Each structure stands twice: as structure tokens, then as C-alpha cells.
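A.B. asks: One-letter residues, chain by chain:
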Amino acid sequence: MKHKMIYADHAGTTAVTPKALEAMLPYFTQGYGNPSSLYAFGQQAKSDLEQARATVARCLNAQPEEFYFTSGGTEADNWALRGVAELMALKGKKTGHIITTAIEHHAILHTAQWMEKQGYEVTYLPVDGEGRVDPAAVEAAIRPDTILISIMAANNEIGTIEPIAEIGAIAKAHKVLFHTDAVQAVGHIPVDVQAWNVDLLSLSGHKFGGPKGVGALYMKKPLRLPALIQGGGQEKGRRSGTENVPGAVGLAAALQEAVDHLAEESARLAGLRDQLLEGLTKLPYASVTGSRSQRLPGTASFVFEGVEGEALLLHLDAKGICASSGSACSSASLDPSHVLLAIGLPHAIAHGSLRLSLGPDNTQEDVAYILKEVPAVVNYLREMSPVWDKDAQKPTWVL
Amino acid sequence: MKHKMIYADHAGTTAVTPKALEAMLPYFTQGYGNPSSLYAFGQQAKSDLEQARATVARCLNAQPEEFYFTSGGTEADNWALRGVAELMALKGKKTGHIITTAIEHHAILHTAQWMEKQGYEVTYLPVDGEGRVDPAAVEAAIRPDTILISIMAANNEIGTIEPIAEIGAIAKAHKVLFHTDAVQAVGHIPVDVQAWNVDLLSLSGHKFGGPKGVGALYMKKPLRLPALIQGGGQEKGRRSGTENVPGAVGLAAALQEAVDHLAEESARLAGLRDQLLEGLTKLPYASVTGSRSQRLPGTASFVFEGVEGEALLLHLDAKGICASSGSACSSASLDPSHVLLAIGLPHAIAHGSLRLSLGPDNTQEDVAYILKEVPAVVNYLREMSPVWDKDAQKPTWVL
Amino acid sequence: MLYSEKVMDHFEHPRNVGEIANADGVGQVGNPKCGDIMKMYLKIDGDVITDVKFKTFGCGSAIATSSMATEMIKGKTIGEAMELTNAAVAEALDGLPGYKMHCSVLAEEAIKAALADYYKRQGKEVPDNLKLPCEDEEHGGCCSCGH
Amino acid sequence: MLYSEKVMDHFEHPRNVGEIANADGVGQVGNPKCGDIMKMYLKIDGDVITDVKFKTFGCGSAIATSSMATEMIKGKTIGEAMELTNAAVAEALDGLPGYKMHCSVLAEEAIKAALADYYKRQGKEVPDNLKLPCEDEEHGGCCSCGH
Ligand SMILES: Cc1ncc(COP(=O)(O)O)c(C=O)c1O
Ligand SMILES: Cc1ncc(COP(=O)(O)O)c(C=O)c1O
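Residue numbers (this note's numbering), protein chains in the order written: chain A, 2 to 400; chain B, 2 to 400; chain C, 42 to 188; chain D, 42 to 188.
Chain A with its partners taken away, still in its complex shape (with noise of 0.2 Å):
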């Protein structure tokens, strides 16, 4: 019999928490009003709006004009980029230098891909073994005519924390523009946009309990990005479409949830994800990647010699444990993941990852199961694969 669901993979999505559901739950069927329009029922939508905006920023120390919602950390992230460049177009400066890592999420690093084939030069900084960017390398980077810096927060593959303030305060000195994808950070570590440094800030509702499809840009005043997406003119002109206002209050309602249980939950699951990273390191060549001491603290990532990420999952899943191998993103991707490759891991040894990323449906109950269940299905992987020499319990590859 299948063992009831172990979900695992809360960097990967959340479940809408209850009270955040509560919260948007009205606005589908009773609040539903315009928040463009000019009758009091549209002008309620809106003030909830601006309610949910208002939240978004205190949690986030900042002010509520500079958030704009979005459809996601996506559109966000894709926002920054070339809304940063289309600024400095209108300045007439046409092309760039655009700074960011090896180990950015895809929708920063497409754009940058896509950005390069308009003319602009971008620099992928490299990170430690431990995938951490280096503050003097970003220092070292920057040249005249470098319009942004655009180096995320946490790392959603290997947990990873970033030394965003460092950068922050460098970026300030030098006067570039800098953006931190903070989708994987915010709701899990505490993110202040001021200690921070950062002008540019993109973050994501359902990675930590609300809504999909909802995420916000924050501008740091009087910074304002052309819009992406046009149209009616909403959020200020810079993000155009009628609002999804059951979203924003959804995202809102959440981040205000997990802001306030921000101590005690994020103690707690790395309390959690410590057992995992100790418990499962126990097994041969399996060691942890990222850092030990800047991690997220739901994220536990690991990779196994001699075994393939997705048979891993799927065994699992088998077993009721829900859980990635690099980015859930990438999946149906050939290459191992780009950060892997990034920290400096063989491609071999890439292949073997596994993400367990713990949220607040999670039990000690839950880790044991699962400290159980994953030795097991890597020593029956092991036992078939080719590459594993069993007696001596190593690889038999020379890499």
C-alpha cells in the first residue's frame, strides 16, 4: 500500500494556505468589481488592492507605490531585464553590460540569452563550490557601461543564500542599477529591499503559500521601469491588464502569514532539513550541495554517485515522497542542471541530484519516513547501475 503523500518540493510550488485562501475566496464570486472602474464596488476591489499592496510592502520594508504586481516571479524577472534596458534606451544609451551568475533561475538567464542577441554583453559571474557569488568578483565586474546587476537572493536548486546585501551596498557605490531575484527568499529568510540595496526586487505567490499565477516587481522610488506588458494603463501605466485582484490579496495574505512565523517556522525546518542533510550524507559518495551555513532553511539538496536523478524521483514518488532533481523547470531537460554544472560538479555526478524541500506540512514524522525510504531506493539504484562497484561501495568511474 502507498504510504500517504510526503510533499517535498514546496521550492518547487506551495499549497495555498488556508487563511490565504480565505482571503481571496471573496473576491471571485462577491468582490469581483473592476478595480478600474468608477462605481463604489469597483472602487472596493481597488482599495483592497492597494490593501494587499500596502501589506506586500511592510513585509518587505518598503512602500506600496513601488510594487507592481505581476503574473509571476517570470514576468517579474523578465520585467527587470529589459525593462532596465528599454529605460536606458530612452536615454539613448542603446546597448550595455548587463552583470549576473552562472547559476541565475531561466528567466533570468533566457533573457539575458535573448538579450544578448539584441547587442547587449553579459558578463555570468562564476559562484564558489558552495554556489556562492563572490562581492568583489561582482565589484571587479562592473564597467562603465554596465546598466545592470542582476544576482538572486537564494538559489532555488542547491538553497543557497546570496550575499545580496554586500552586492547591494557595491552596486550603490558604483551607481548601477540592481535587481535580485528573491522569488526562492522571500517568505522564507527575512528580505528588507533597504539593508538590501537593491532597486529591483521580483517575487512569486505561490512559492510560499499563496496563489499561482501572481508576483510583484518592486521599483525603488523614484526608479520606474517602461512597461512589459501594455494596454489600459493599470498599476500606474507600467503593468497593463485588468488586475487580479483575488491574486494579489491571495499573495498578500500569505507573505503576511509566513512573515509573521518567520522565525519560528524557518528554525524549525532548518531544524528538519539539518537531520535530512546529516541523515542522508551518512550513505557513500553522497554529499550535500550548496552551503552548509548561507541555506535557505526548507531546502536540503544532495547529490548520489552512481544513480540518475529521475529514477530517484520516481522511486520515491512510488513511495509517496514528492521531490525534485534540480530545478523542477528543467525536468525534461537532457543536461544536468546548469547550477550543478555551475558549482563545479561532473556531469556524472549532476545527473544524481535530489531536491527535498520542506514547507509547513512538514513533520518530523515526514523526515524519518524519508530518511528511511531514500537510502533505500539509492542502494536498489546502485545495485543496478553498471557504474557502481558493490562490494567496494564506490563508483567505478574515473571522472
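None of these hints come from the bench; they were simulated from the model. As the structure is a prediction and not an experimental result, all values here were calculated from the model. Don't be surprised by glycine CBs; every beta carbon is placed ideally from N, CA and C. Everything hinted at is true.
Computed Cβ-Cβ distance ranges for the label pairs, DEER-style:
#, chain 1, residue 1, chain 2, residue 2, range
1, A, K176, D, G139, 46 to 54 Å
2, A, Q52, C, G139, 15 to 23 Å
3, A, A196, B, L400, 55 to 63 Å
4, A, L372, D, K47, 26 to 34 Å
5, B, P27, D, A62, 48 to 56 Å
6, D, M42, A, G93, 50 to 58 Å
7, C, D135, B, V399, 35 to 43 Å
8, D, T126, B, D146, 46 to 54 Å
9, D, M42, B, P27, 15 to 23 Å
10, A, G238, C, K117, 35 to 43 Å
11, B, A137, A, E117, 43 to 51 Å
Straight line, CA to CA, 30 Å or less: simulated BS3-like cross-link-like pairs of lysine-lysine:
#, chain 1, residue 1, chain 2, residue 2
12, D, K115, D, K172
13, A, K5, D, K47
14, A, K47, B, K20
15, A, K391, D, K74
16, A, K118, B, K176
17, D, K74, A, K283
18, D, K74, A, K395
Following the hints, put chains B, C and D with the ligands in place on chain A, whose structure we already have.
C.D. replies: Using the frame of chain A, we list chains B, C and D with the ligands on its own:
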């Protein structure tokens, strides 16, 4: 005491129908898996998403693979225009000519204007006094370098239905790509992408009982536009971002419901609408805007000389009637609607516009109430208007 | 909400609507193209505005500012009325949305136009501060909407 | 679902996993860089494949195609085994997602490599249709992932 609210702004937005909400609800807290994840829980979400896509396709006589979910009609419109331009640029055509109309939604108009700044040429075709585009004028505007024709299926302000099938045949004969913004048409009149010969079509969930923040772009096979929003490769790499599963499911459920009841409900609405059109034009110097015969079933639109639209709306609001003056989106602008000017109305008259758009919740009683209250408000405002001659019952202006 | 309670009150229950048959000064500003026309009627006794009425074609804030402006000058001296600024009208209404401030300008100008008319009718020279920036335009008056 | 029921069945309960101590032919294809390595062991009696085992490092479909391929050649003649195409393996599994078809190619090639090894051990010339497109590459075998 305030009358119960009569919502007569369905062209602005609609409530989510109970069925659509019921279809969506499980995806927030139970079936919340990420469709891009490998485990069965995520694959189930993926299969439900594909089911939604298939439903949408069936409702519009298309193939499921031809639909890409977006964050709404605005994004779909932006994507259609910019995507075609980028596709052509990839083929070496870095500039070109676009044909559209003077009465498009701002999602098209502002994107077209933006493209003019990028070096494209845009022809904004005029319309006749009823807001109809002349297919012959479309044909005459086609040039060797025309890359796209984009003409809305039905206008949001005056409810006029455009001759899309005729224009589609012309576009096909000339081998020019044809996009239609069908945001106001889908779910309200029969839409058949094959009969219409469209290559691209935009729709938006919240205009037919689905949720806000989700829409779709249809692309006729084998046409494939480059992504506007790039990242994790969702939607076959053409629209990245974690899929809004509840949104897509809700949109599909609402569309199915609308299509199932289209014939009877549109006949019922047209009956109510015609009472409004006839009843309110009994007032002197009151006229219908848009076409009498080629008209969305739920949309009644007028101009009342000597009164101003916002004042009219606010008084109607005080009486519990939610209505709109021009497009909801443009209510903060000082200029009268571009649509009303395009059908030849002088500015002064265009300021006095009113749109009443009916939906499933509107009854015969609602219409009776509206027929009583609108004339009362118009008369009241005319009484205090310096440009209304009370005795002669006509405006004092010579326009 | 779009407008303050005060605006809504003056919009829904405008004070001093109407005409004055034998007004001592009448001024009209605005332009139907812009969707706003205000007409002010003044009854002046000596130096004092003893009665004031208005008619307005325009949006909610145009009606509310007309109403408020008439209240603010009723019983006041011509000198006091001349001092009335659009900012004061807007403030008395607990503010207006930014893009509606032109309505308060219109109210100020309507009063000035009516006072100028009074001076003219009296055969007196119109004081400089009653002259409107674009007085000689057609349709009488300024149009902040650009037409 | 990502995979057909048949694929999942062969993945979860793979047939013929293991090694054959005194195999008559052994072939290994794939590349750890690509995340797929298949090793086939054949026991051949006269013209007939009497036993077959495999070991696979790879994704779900790599394991399932290995399992299915071994089932399809067990008890068959060498000639029949040589005819086995990757398409036939994929079809027997009720299809594979497009981007996983390379796994079925790998299964076909693993069998061919094991048969070629058998010919070599027998001192016979390896038939042309058992030669792999990139036989002499390092790590033994082809890599459809580009490495
Ligand atoms: C770091 C990071 N950036 C961006 C995104 C994109 O967010 P969304 O899928 O909500 O658009 C994700 C998650 O998918 C992420 O983990
Ligand atoms: C004709 C038309 N096109 C596009 C849109 C934009 O749709 P949405 O606001 O859902 O993005 C609308 C409605 O606002 C519309 O009426």
C-alpha cells in the same frame, strides 16, 4: 435606502461563475502540484491543465496544442504583436507594416504605438459611424511588407462585431498573418477560428465568468511565435512561468459553460439589451453608439448630449447601478474615448457616453429599473447643465 | 474610493445650483470638448456677494468644486472672492485626485470670469488678477485638457 | 502522466536485472556525462539467446527500455535480436515521450554491442549492422545528449 446592486458592467469584468469556482477550488489547497514536476501529483496537475486546454480548443474549433495560456487578454495582445514582429525579425525582416484599426483596445493600440517607435509602420484603419471596419479597406491597406493584420472581433465600448471572417479570407488570400482580439467575443458570440481564418486570437477568462489574471493566445499550427516571457520553458517553451492551473481550469470551465448556453443566453440578453436601446433613446438627443444589427448580445451603449459620463455613472452608482462610460480602463483619462471619436462623435457628445453591459445575473426587473433611473439621472444632470436648453429640450451648443 | 466624502456630498447634493435671473455678473469657462463647462451667476450688493448660483456640465469633481466654490464666496466681499484659489477649493473638499485638479482651476476661473463680467457691466476696468490666461479663446475660457 | 503504464511497470519491476557471470557477450553503451549507461550480458547457446541480463544507470525510461529490450530478445535467435529496433522497443512500451526516445536507441545499441562482443569472442567478423555509429569513442558508445 439604496436599491440592491444591479451589475451592468459585464464587459468590464464578470463574477466567476459558481461552476468555474467549483472547478478551480481543488487546485489551491489539494491539487496544487507543479505541472512541470515528475511525480504523479504534479503530473496530475499537468493532465488537468491539458484537459483545460483541450476544452478551450473544443469551444473554439481548434486543436489543444494551438493554445497557450497567458495572464490575460492584455498579455495575449502584446504577445501577438511583438511576437509576430520578432518572428519576422528572426527571418531577417527587421521592420515592416502592421494594419490595425482606430478602435482597438489599448492593449493593441499602445503596443502598436510602441512598435512604431521601434521602426514599424502602423496603419490605423478608420471605421464607419457604427464602428465597422470595411474589409475592402483592409485589403487596400495591405502592402508587400505587411507582417500582420490585427483587428478586434468585437469592440468593448460600443459592442460592434467586426466582419472577422471576411477579413480572415482576405488575409489568407494575401498570405498575411491575421490576429484578432476576441476578448469581448469569446463566450458571447460563436467563435470558430477555422471559419474565421485567424492565425492568432486573444481571449481573457474574466470576460465570460472565468477568473481574472488568466487568458490565452491561440496560434494556428504551424505558426509558433517566440516567447514574450522567457524562463523555465513552460507552455512548450513559449510562455514561461509556473502554470496557473486553477486559473486555466476556471477559464475552461467558464468557457464551456458559456458556450453550452450561448444560443439561449445570447437571445435572452439581446432581448433585454434591445429594451435598453429602445427605451433610453426615447430621451431627446440620446443615441445608440455602435451597430444595431452587428452587436454583442449584452452590450447597450449610448451618448446623451449635454451630460457628462462620469457624473452619470456616479449618480447611477448611488442608485445601485454599476455601469461604465467608455472603457473601464480609460476612466482616469481626460480625453473622451478614442472609439467614440473614431465613430465620428464630436468630443462634447462623446463625453456623455454610457455603456450598460448585461450578463447572466441580469433580469427583466433590472432592465425596468435601469429604464426608470437612467432617464431620471440624465434629466437631473441636464437641468444643471449650462449647455442644455430646458425649454427646447436640446443642447445649446453648435458643434 | 475615488473621491472624498466631502466631494461626494457636494456632488450628490450640490449647493446653489441654478441661475440668477438678474445677475450682476455672469461668467462661463471651460469647453464642451473637454467635458467641463461651468457657468457662475453672481448677485452683488455694494461690495458683497449676496447670492451665487451655478450650472455645470462636467464630471463629479466639476460639480462638487462648483458647489463648494459657490459656498465659499457667498456672503463674502469681492476682494475675498478674488483671493479664492483652486487649491483652497480642493482643500475644502478634502482633496481631489491629481488628474481632477483642473476642475478646481475651472471653479476659480468661473468666479473670476463672473467678477470680471461684473466689473465690465459696471463700466469699471477689470482688475489684472481677474484676467484669465486665455480669455479671448472661443467658447469662452481656458481648457486644461488641451483642446 | 509522464510515462505509460507499461513503462512504469518495467521501471518499477524491471525484468532481467543483474549480471551473467560467464556471459558469452557483454556490451556497454552510453556515457555517464549524459546520465545513461546500459550494460547487457548475453548467454548464447548455438544461435539462441538463452539468457540476458542488464545493468542500467539512467532515468526511468532508460531502465524500462533495458528491461523491455531484454524481454524481447530472450529466447530469440541472434538474427532476430539483430533486427530489434528502438522503435519496436518503444512501441512495446506503449510509447515514450519524444525527448526520451534516445533511451530506446541506447537499448538497441546495447544489444548490438553485446552481440558484436559475442562475435569478437567467437573470433568471427562482426556483421556490419552491429557496428555502432561512434564505436571507437571513449567510455564506449554513443551519446545522443551531445557529450
Ligand atoms: C529563483 C526563481 N526565480 C524565478 C522563478 C519563477 O517563478 P514563477 O514560476 O512563479 O514565474 C522561480 C520558480 O519557478 C525561482 O525559483
Ligand atoms: C477588447 C479587449 N481587449 C483586451 C482586453 C484586455 O483584457 P485583460 O484586461 O483581461 O488583460 C479587454 C478588457 O479589458 C478588452 O475588452
